[in-house]
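Take a look at the letters that make up each chain.
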Amino acid sequence: MIRHHLTDDLLMAYSAGTLPEAFSLIVATHVSLCDDCRARLEAYDAVGGSLLDQLLPQVSMAPDALAATMQKIAMSDAEDARASPPRPAHRVFPEPLYGYVGGDLDHVRWRAVGGGVRQAILNTSSEASARLLYIPGGVAVPDHGHHGMELTLVLQGAFRDEHDRFGPGDIEIATEETQHTPVAEPGLDCICLAVTDAPLKFSGLLPRLAQPFLRI
Amino acid sequence: MTRTHAEPDWVADLKLVAASQDAAAFARLFAHFAPRVKAFLMKSGADEAMAEECAQDVMATVWRKAALFDPSRASASTWIFTIARNRRIDMLRRQRRPEPEDLTWGPEAEPDQLDTLSLQQETRRLTQALETLPEKQRVLIERAYFGDLSHSEIAEATGLPLGTIKSRIRIALDRLRHAMSHESIPK
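Listed in order, the protein sequences are those of chains W and C.
Terminal number for the first sequence in the numbering used here: 1643, no gaps in between.
Terminal number for the second sequence in the numbering used here: 226, no gaps in between.
These aren't lab readings, by the way, just hints derived from the structure by calculation.
If you're wondering where the values come from, they're calculated on a predicted model, not measured in any experiment.
Nothing false has been slipped in among the hints.
In silico EDC-like links for lysine to aspartate or glutamate, alpha-carbon gap of 20 angstroms or less:
1) W:K1499 <-> C:E92
2) W:K1499 <-> C:D129
3) W:K1499 <-> C:E87
4) C:K205 <-> W:D1463
5) C:K175 <-> C:E195
To be clear about the criterion: a stretch of chain C counts as covered by chain W if any three or more of its residues have a C-beta under 8 angstroms from a C-beta of chain W, and this derived list gives those stretches:
6) 118-128
7) 174-186
Non-contacting residues of chain W with respect to chain C, defined by C-beta distances greater than 10 angstroms in every case (computed):
8) H1431
9) H1432
10) P1513
11) V1519
12) L1532
13) H1534
14) A1539
15) G1541
16) G1542
17) P1563
18) G1565
19) Q1583
20) D1591
21) G1596
22) P1613
All residues carry an ideal CB built from backbone N, CA and C; glycine is no exception.
Work out the full structure, taking the sequences as your base and the hints as a guide.
As structure tokens, this is what we get:
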């Protein structure tokens, strides 16, 4: 049961297509798991559809546009034949994330960042960054505040901070004001997708020294 | 039904394209949507030549993907908007667009007729509601969808009356999930 959802501004910006790639990835991944947010997103898409329909085109298409389009269709029919490879039935990563990792959990190239915590940075455009976090059950992520916005989506296990509990599918939205210490619940190791639009600032000395190496 | 007789049935035309590659139905869709998609791309910052090229690409995608269109969850203009938006991200920002996992009807299942009618009706209501918004708010929403607002500015454009269309889509999603979970069970 998902209790922590996406905000309206994130859903609308995703629908409008103006989010940085890393944020689009986490929105698409949460929506893959959450039908409530999918319904809200598709409602925002309907706003875009209405605007498109009401646009009074002051421009017209080129005279041969329809014929040119039919030609494109004829030429692309061959390409469509290659289907995407089948996906395993049970996997931790929903489709959008699976695509970025190039596989499921067993394909992640983790790097240790101390205290048993591991991370893997995903390849997105540079305006924002996305990484997978692996936090062993019972272990804390170093205490950190945020320069910008940080979204954390739980894919497996659960974590708690001073404010709440976040289980599979839940998304935590942390802003400049949020100062917290997430701790993975004992039991199943916690795997999260975390996205931020600015480098994290750690409060302890050691993590701060490590920051340039971690690229976070 | 508030539908007027003059209003073309885009859902039926998309079904014709999907089922029988109907060129006449596609030509009707093209005449209505292609110039709108082109105008949308130009308002989003594309020059005319690029917008023309991309509008043709978008309509080619409409042809190829017509079978994936689910009229119980989206109107034709909504679905075409999402294709045009993705093409715009690809064209202007040269970025990948992560999309949610597909939820599609199995080969045997069909979207419920009533769900489809209600969704199309809700979409018309939403369009009317947008038309009657105060000018200032309407302009803000247009700017958001033409890619002209940052994420933080977009927060001011939310708070639209989306409750009814959202609950229609939710009902369609529940029905789809139900159909998917029964797909593998022999009858």
